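Turn these sequences into a full structure, and let the hints steer you where they fit.
Quick note: the sequence shown, position 299, residue 298 per numbering that gives the first Met the number 0, numbers continuous.
Calculated directly from the structure, the hints in this document are not laboratory data. These numbers were taken from a predicted model, which means no experiment stands behind them. Take these hints with a grain of salt, some might be off.
[Stated by the list, open to error] No more than 20 angstroms apart at the CA atoms, straight line, and that leaves these computed lysine to aspartate or glutamate pairs for EDC-like:
1. Lys270 - Glu226
2. Lys214 - Glu226
3. Lys126 - Asp299
4. Lys251 - Glu73
5. Lys298 - Asp280
6. Lys298 - Asp149
7. Lys251 - Glu269
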Amino acid sequence: MAALRALLPRVRGPLRPWLFCPAQRSFASSAAFEYIITAKKGKNSNVGLIQLNRPKVLNALCNGLIMELNQALEAFEEDPAVGAIVLTGGEKAFAAGADIKEMQSHTFQDCYSGRFLSHWDRLTRVKKPIIAAVNGYALGGGCELAMMCDIIYAGEKAQFGQPEILIGTIPEWHAQQPSAPAGAGGTQRLTRAVGKSLAMEMVLTGDRISAQDAKQAGLVSKIFPVETVVEEAIQCAEKIASSSKIITAMAKESVNAAFEMTLAEGVKLEKKLFYSTFATDDQKEGMAAFVEKRKANFKDQ
Numbered sequence: 000m001a002a003l004r005a006l007l008p009r010v011r012g013p014l015r016p017w018l019f020c021p022a023q024r025s026f027a028s029s030a031a032f033e034y035i036i037t038a039k040k041g042k043n044s045n046v047g048l049i050q051l052n053r054p055k056v057l058n059a060l061c062n063g064l065i066m067e068l069n070q071a072l073e074a075f076e077e078d079p080a081v082g083a084i085v086l087t088g089g090e091k092a093f094a095a096g097a098d099i100k101e102m103q104s105h106t107f108q109d110c111y112s113g114r115f116l117s118h119w120d121r122l123t124r125v126k127k128p129i130i131a132a133v134n135g136y137a138l139g140g141g142c143e144l145a146m147m148c149d150i151i152y153a154g155e156k157a158q159f160g161q162p163e164i165l166i167g168t169i170p171e172w173h174a175q176q177p178s179a180p181a182g183a184g185g186t187q188r189l190t191r192a193v194g195k196s197l198a199m200e201m202v203l204t205g206d207r208i209s210a211q212d213a214k215q216a217g218l219v220s221k222i223f224p225v226e227t228v229v230e231e232a233i234q235c236a237e238k239i240a241s242s243s244k245i246i247t248a249m250a251k252e253s254v255n256a257a258f259e260m261t262l263a264e265g266v267k268l269e270k271k272l273f274y275s276t277f278a279t280d281d282q283k284e285g286m287a288a289f290v291e292k293r294k295a296n297f298k299d300q
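Structure representation (structure tokens):
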């Protein structure tokens, strides 16, 4: 999992500040973060916003950034007011990959015995929906980070790629246990998202694809102008957050199962989760509201 700053057009001078999401309201622990910025957004402050903030290195994913990201994800996961999360970067880069300087000296023994990068997949275990709002480069680990989110919105100038082959490695996977693959999964998630042929081409050549090509291939949900993509993601997150959080979590679990199970197994799980919704107060409220032609008042119970 690596992205290659050397392969990108040279950025001259500091990157412009993040201009398209003004007046952020500070998240409680934001001041303690060095590599990310957090805030609560939306009319009801029900959307957690996390911005990667290492602009001088195109938001390269160092260990410290991932640890802070995990802390923010945990805080938003535990916040009962937050119903969905938006993850974004800057105007030039969502994340241009892993920090090569940090990992280049590692040996096989370091990686295997030390569970190198074993904490990078915390995002995949968050029950609340996560939307990636991608501008600029999403390469290597940055592309994998976006793919670990549930929905990807892209700015019209976004570029996606897995260029690890160009520095003598492959898109990263790891296992927390030898029999339990987890990890960032560049070769695995990309293939599931865009199909074998395009994934193979991207992985073997290191070539990038545009936002338009990514949408056509199924990697991206929607494309927006650079300056509005974050706000659009927040609006989508607000809509998601207005539904029952417990039912939303069940729906997310069911969709994710489609990537891990056979069709028969997936349908079986879907049926169990569907039955489970009838044990909730929100199912009763939702159906009653529909029959009575009024807006549902979900209590997340």
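Status of the hints after comparison with the structure:
Between Lys270 and Glu226, the direct Cα distance comes to roughly 41 angstroms. Violation of the 20 angstroms bound is thereby established for this hinted pair. The hinted pair formed by Lys214 and Glu226 meets the criterion: a straight-line CA distance of about 18 angstroms does not exceed 20 angstroms. Our distance criterion of 20 angstroms between C-alpha atoms is met by Lys126 and Asp299, whose separation comes to about 13 angstroms. For a cut-off of 20 angstroms, the pair hint linking Lys251 to Glu73 stands: about 17 angstroms separates their Cα positions.
Between Lys298 and Asp280 the alpha-carbon distance is near 8 angstroms, which keeps this suggested pair within the 20 angstroms criterion. Using a Cα cut-off of 20 angstroms, the hinted pair Lys298 and Asp149 is violated, with the two alpha carbons roughly 23 angstroms apart. Between the alpha carbons of Lys251 and Glu269 the distance comes to roughly 11 angstroms, so the proposed pair stays at or under 20 angstroms and holds.
Violated hints, in rising order: 1 and 6; the structure is consistent with all others.
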